[in-house]
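Colleague: Chains A and B are the protein sequences, given in the same order.
Residue numbers 14 to 316, in our numbering, belong to the letters of the first sequence in order.
Residue numbers 128 to 413, in our numbering, belong to the letters of the second sequence in order.
Keep in mind that the hints were calculated from the coordinates and are not lab data.
A hint or two may mislead.
To be verified - Derived DEER-like restraints, expressed as beta-carbon distance ranges:
1. A:I26 to B:D196: 33 to 43 Å
2. B:R180 to A:S240: 53 to 63 Å
3. B:L148 to A:V277: 39 to 49 Å
4. A:T105 to B:G293: 30 to 40 Å
5. A:L62 to B:L315: 27 to 37 Å
6. A:L227 to B:I244: 41 to 51 Å
7. A:T274 to B:I272: 20 to 30 Å
8. A:T274 to B:L277: 19 to 29 Å
9. A:V184 to B:G238: 48 to 58 Å
10. B:G293 to A:A211: 42 to 52 Å
11. A:Y214 to B:R313: 37 to 47 Å
12. A:E212 to B:I272: 42 to 52 Å
13. B:A158 to A:G46: 33 to 43 Å
Stated by the list, open to error - Examples of chain B residues toward chain A, derived with CB under 10 Å:
14. D250
15. T347
16. T391
All residues carry an ideal CB built from backbone N, CA and C; glycine is no exception.
In case you want the letters, here they are:
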Amino acid sequence: MIVVLGVTAVTFILEHLIPGSLARAILGTRASGAEIAAFNRANGLDHPLIEQYLAFLGRLARGDLGYSYRLNQSVDSLVVHQLPNDVVIVGTALVLALAIAIPLGLAQAVHRNRAVDHAATSAAFALYSMPSYWLAILLISGLSIAVHALPPEAPQAAAVGGLLADPLALVLPVLTLTLVNVALFSRYMRSAAIATLAEDYVRVARAKGLPTRLVLSRHVVRNSLISVTTLVGLSFPAVLTSGLIVEYVFNIQGVGLTYYTAAVNADYPVELGITVLVGTVTVLGNLLADIAYAVLDPRVRYD
Amino acid sequence: MTDGARPAADPALRSFARHRLALLGLAVIAALAAFCFLGPLVYHTDQVHANIRLTNLPPGSGRPLGTDDNGYDILGRLMIGGQATLEICFAVAGLATAFGVVWGAVSGYTGGLADAIMMRVVDIALAIPAIFVLIYLASVFRPTIALLILVLSLLSWLGPARLVRGEVLSLRTREFIQAVTMMGGRRLRVVVRHLIPNTLGTIVVNATFQVADAAILLATLSFLGFGLPPPAATWGGMLSQGTTYLLDGYWWEVYPAGFVIMLTVVAFNLVGDGIAGSLDARLRPA
Chain A
14 MIVVLGVTAV
24 TFILEHLIPG
34 SLARAILGTR
44 ASGAEIAAFN
54 RANGLDHPLI
64 EQYLAFLGRL
74 ARGDLGYSYR
84 LNQSVDSLVV
94 HQLPNDVVIV
104 GTALVLALAI
114 AIPLGLAQAV
124 HRNRAVDHAA
134 TSAAFALYSM
144 PSYWLAILLI
154 SGLSIAVHAL
164 PPEAPQAAAV
174 GGLLADPLAL
184 VLPVLTLTLV
194 NVALFSRYMR
204 SAAIATLAED
214 YVRVARAKGL
224 PTRLVLSRHV
234 VRNSLISVTT
244 LVGLSFPAVL
254 TSGLIVEYVF
264 NIQGVGLTYY
274 TAAVNADYPV
284 ELGITVLVGT
294 VTVLGNLLAD
304 IAYAVLDPRV
314 RYD
Chain B
128 MTDGARPAAD
138 PALRSFARHR
148 LALLGLAVIA
158 ALAAFCFLGP
168 LVYHTDQVHA
178 NIRLTNLPPG
188 SGRPLGTDDN
198 GYDILGRLMI
208 GGQATLEICF
218 AVAGLATAFG
228 VVWGAVSGYT
238 GGLADAIMMR
248 VVDIALAIPA
258 IFVLIYLASV
268 FRPTIALLIL
278 VLSLLSWLGP
288 ARLVRGEVLS
298 LRTREFIQAV
308 TMMGGRRLRV
318 VVRHLIPNTL
328 GTIVVNATFQ
338 VADAAILLAT
348 LSFLGFGLPP
358 PAATWGGMLS
368 QGTTYLLDGY
378 WWEVYPAGFV
388 IMLTVVAFNL
398 VGDGIAGSLD
408 ARLRPA
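Could you build all of it, start to finish, from the sequences and the hints given here?
Modeller: Here it is in structure tokens:
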């Protein structure tokens, strides 16, 4: 909660960092002094900063993220239309990435320092070392240009239904995001599983004759997931960042692309509204990780 | 390391020397730095004046990697773009690490309310994905090398701050720190002479990863069009400019820049892993 409040404060400060003033940025360089004064009065910008901040908080509390002067549309209405697209693409990629990375990391830990591990580690290393847009472009040049297997652009429908109607076009964006996240998460899982495998309770489980499959599924996976969960929770900003890049490369009508367009057009209210939103989502992600803790680890109880 | 720990540092050094991948990483970094900073002394090209008669030429004699859409020689441009890229990344890693270390050490050592406030500040800054703030600031201000360094550092000190605080929290209760306090050592001395040197391993490892992360962030920012404006160049900017010609088959404008970025990031990650492995006795190769 404090963190969300802090995010709003940072956003508020960012808004007032604009050289000149918000009014100047929106009305343009040729606006007269009287017009600027009128704009400031109409939008409460002539009040003391602290009052403005409280008014800003009041609007946010009512779910009002601001108003785009360029698009003549509220930030809320923009976001409401686009958020489902992000949820579909980023969400699918996240689920897929976890579904691949957890078994992969575990297999690497079990066969540590063997060929499988080396191959997977090198692959993850290479993926991890690429800016995500570079990976997206390599995939496009390979799978859409050299071999005409997949469309190079995401479905261009604005609504989420249209997005799902063209699943083939979703493959590349989702694949890019999945690969980026698999590289990250399998590294976490590998080191967590290596640490868990060295624990005494794993040796006990083995000593009492439990089959390897059960040792892994009952003891190693669950205990390793505890530390992986924290890291996944913490990597939420990274996931959102690659989301923005992928939306930009594949032209997906999502919140990230809107943010980018707003930045290019100096549409500050949209940028700031989305920043608050993204900050809140990150905090929620960390909260989810904390809740997942309690589910995974019976020792953790929140009163 | 403190003076007393000198003998203990040697196995770590020897272990690092045996870490072949880390040495390879170090060699690659040295080679890249030599290429960027010494290369232009040998290989002279005009990287300021555009020449439309020489645009988009494939590799040939006199231009080993061809030219880009402004007629700049790509090999020469990789050198000057690399200078800006490496300068920015090193400066960011240095600044962010220095600030983060001091912040984390003070926060962890002071404890109490100050610690709580200082760490909430870190949490708040971490909650906003860096790229969003970067894009915002780059859209408001005109990017220069100094601004990019400042902004990237502002967003990168959070990791080291958290790491160092964690280490300091556990070091604070150790006997040798208590001994210093009991002998009348002042707080500043404890932090500067004892706490920070003992977290040096973590700090160095993290700093190498910071360079790699900065390289990726910088490249991403350039790709989105918020990098250094021409005639200045960065690898990320070259790559992003080159990708517009991917469909035309001008591969020489795309792959070399992408390759050097990856090479840099891999090299720094290898070195970081190597140092981490040699400092941690459990991971040291037998």
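Colleague: Output the indices of the hints that this structure fails to meet, ascending.
Modeller: 10 and 13
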